[in-house]
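S.K.: In case you want the letters, here they are:
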Amino acid sequence: MIFVNKKILVIILIAIANLHSQTLKDQFSYANELFNEGKYFDAITEFKRLQFFDSENQFSFQSNILIGKSYKAGAKFDDAIKYFTLAEISSRNDEEYFNSNILKARTNILRRTNHQAERILNELLVDTKFKSKENEIKYWLGWNLIFLDEWKKASKIFLENNLDTTLSNLCISVDDKMYSVNFAKYSSYVIPGFGQFYTGEYVSGLLSLSWNVFAGYLTVNSFIEDRVFDGIITANFLSMRFYSGNTQNAEKFALQKNLEISNKALNYLQFQFKGEKP
Amino acid sequence: MSNKIFFLLVVILFPIYGQQIDIHSPKNIKKFADFLFCDKDYLRAIDEYKKYLEVVNNDTIRFKIALGYSLINDQSNALQEFSSINNSSALYEQSRIEVLKSLSLSKSDSAFYLLANNLINSKSQFSNNAQRLLNTSILLNENELPDKNKFLIPFESDDKLLLGNYYDLKINPPYKSETVAGILSAIIPGSGKIYTEDYGDGITAFLLTGLFTYLAYTNFENDHQTRGWIFTALGAGFYAGNVYGSVASAQIFNAKVNFDFENGLKLFLEDKNFFTPAYDFCK
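Protein chains in written order, with our numbering: chain L, 841 to 1118; chain S, 73 to 355.
Treat the hints with care, since some could be wrong.
Restricting the straight-line Cα-Cα distance to at most 25 Å, the calculated cross-link-like pairs of lysine-lysine (BS3-like) are [said to hold, decoys possible]: (1) L:K888 / S:K99; (2) L:K888 / S:K355; (3) S:K123 / L:K865; (4) L:K888 / S:K122; (5) L:K865 / S:K102; (6) S:K99 / L:K865.
In short, the hints are calculated from the structure, not lab data.
Using the sequences and the hints, build the whole thing.
M.R.: Set out below in structure tokens:
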């Protein structure tokens, strides 16, 4: 009789423990449902509630990942990274460790802390445990280069092992459209206004050329007339001002145009690209 | 005998586990809300406390909701919640000084002065705190100040020295006159900027205006009309810019004096947490 009772007691205790575990599972499902419905604020609350009552940390990794994803979806990147790091700490195997780090890198890409993303991805890349994940790591390294405005390098990465030819072609086309900032600047040193013409700013180029010719004429004229001090001052305050202004202007136009090109490409990637994005 | 032990164990253990399982019970909601509050996730803590209040009427929770709103700088809701704490509550006095803080932060001046004077005259435990907050606010908002000694009475000795300096700055702000700066620069280019302590710009303005004036003069003297006019235009531009710049420099100087004064006092107030008491909700 005593033996039977002990068995019943154990069964009851297991049943109660399972009931507790079931409650946590239900809570996880509920929070997950909110997450899937895009109700990120509520999802975070429910995942945090789950973590609070999950004394044995059964759901620690999943809940941290999903809290991180919820924050990421709300563009709260700092909080997202905090929770992905907590997920990394609570990871139970290599797969979970890898996934949390990839999410951390992706969030860093979006947060524009690209060197941090690069460091995380490179650490994963050299880790022999993740040899089979090389393509995935490189894919995000490519995206990181896109956000660093290194379109040519990004296209090369996407081309490796035919990682993503669509992205590679897009990167090549963006890189082709980009203006050379150095060419715009230094060509303007040789012919004032040339850099502006190169970037399609014809009026500005013409004005720059005219001011430089005029200031140059005044400078030369002063020296011809033996008014050396006039010449020095004119050269310093007029010629140099227009000359250096012209090169700075050309550089600024090239940077501005490049920004427009890359923003247009990023806009396309954000709204029309069908593949996986950071 | 063993049946009795078994029965007893089930009776004891079941409620313990049962209690842990219901994570949405009022007690657990409160526990979770407390955790969120201490984790500084105030918005979520407020939501949870509100759920708890639907079941249990508790002034401490109401106070914590109000405090949460105040901490996320939602002063309108904070005022509403603090005001809901009635005078029979143990946290009534605290809520009144917190209302004063919220009124100060929401720049509701008339209500702030009314409540501050009420608190001071009511001889509550926070009367002195209210007096301190009122005096600091007077420094920030009012032009007429009470006598310095009277003004400094409610403060502790360390704060007296600091606030005494602010009091003096309020009475005699070290402003620079825009008119004087403009006139000085009109007479001697750059001197207006030196007056406003913008020494580098002052010397540059003096040298450039002088240089272009000299060049314009010698070019006209030697019948180089084109260059003469160019240097005249440049000299006139620098001269006009120097006068205008000196007036602007005086305005910027005065704005900086005001900014440093207000910023310093606001930092002092934040450091003192607006003279509100410290709470041990997260010990």
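S.K.: Of the hints given before, which are not true for this structure?
M.R.: none
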